[in-house]
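Taking the hints into account, I'd like the entire structure generated from these sequences.
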Amino acid sequence: MNTAQELFSTLQQLPLSERQHFFELLAGGLGNDASQENYSHAQVFGHLDNALFTAAEAADYLEISIATFRRYVRDNKIVAISTVGSSHLYSLEALRELKKRWH
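Using the working numbering, you'd call the opening residue of the sequence shown number 60 and step up by one each time.
Wrong hints could be hidden among the right ones.
In silico DMTMM-like cross-links for lysine to aspartate or glutamate, where the CA-CA straight-line distance does not exceed 20 Å [to be verified]:
1. 158 x 122
2. 136 x 119
3. 136 x 116
4. 158 x 116
5. 159 x 134
6. 158 x 134
7. 159 x 116
I should point out that these hints are in silico values taken from the structure, not numbers from a laboratory.
Next up, the structure:
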């Protein structure tokens, strides 16, 4: 039996597209309770507030190619907040702010 913490840890390791698919499946299985038909952004994605994304996940989130993402990194428009080995990690908060500025 999985614990909630184990499930959460596994979910954080999924690529962004799979996380989105998971929440689509979850939302579809919540039943027909009209009072809970529309969930807030915080209810659905609040647990990701401290999430770290790889370059590929960040590019996916920003809806840009990995080449464009790497160019933005080179030009210091996007800055990694952590490095694990040779992998750079990017905060969701910083990516969200960047996306807001673009739209």
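Checked hints:
1. Of the pairs offered as hints, the one joining residue 158 and residue 122 holds, with about 9 Å between alpha carbons and a cut-off of 20 Å not exceeded.
2. Restraint check for residue 136 and residue 119: satisfied, since their Cα atoms lie roughly 16 Å apart, inside the 20 Å limit.
3. For the hint linking residue 136 to residue 116, the alpha-carbon distance of about 17 Å falls within 20 Å, and the restraint holds.
4. Restraint check for residue 158 and residue 116: the C-alpha separation of about 14 Å stays at or below 20 Å, so the hint holds.
5. Taken as a hint, the residue 159 and residue 134 pair is honoured in the structure, with Cα atoms around 19 Å apart against an allowance of 20 Å.
6. For a cut-off of 20 Å, the pair hint linking residue 158 to residue 134 stands: about 16 Å separates their Cα positions.
7. A hinted pair counts as satisfied when its Cα atoms are at most 20 Å apart, and residue 159 with residue 116 qualifies at roughly 17 Å.
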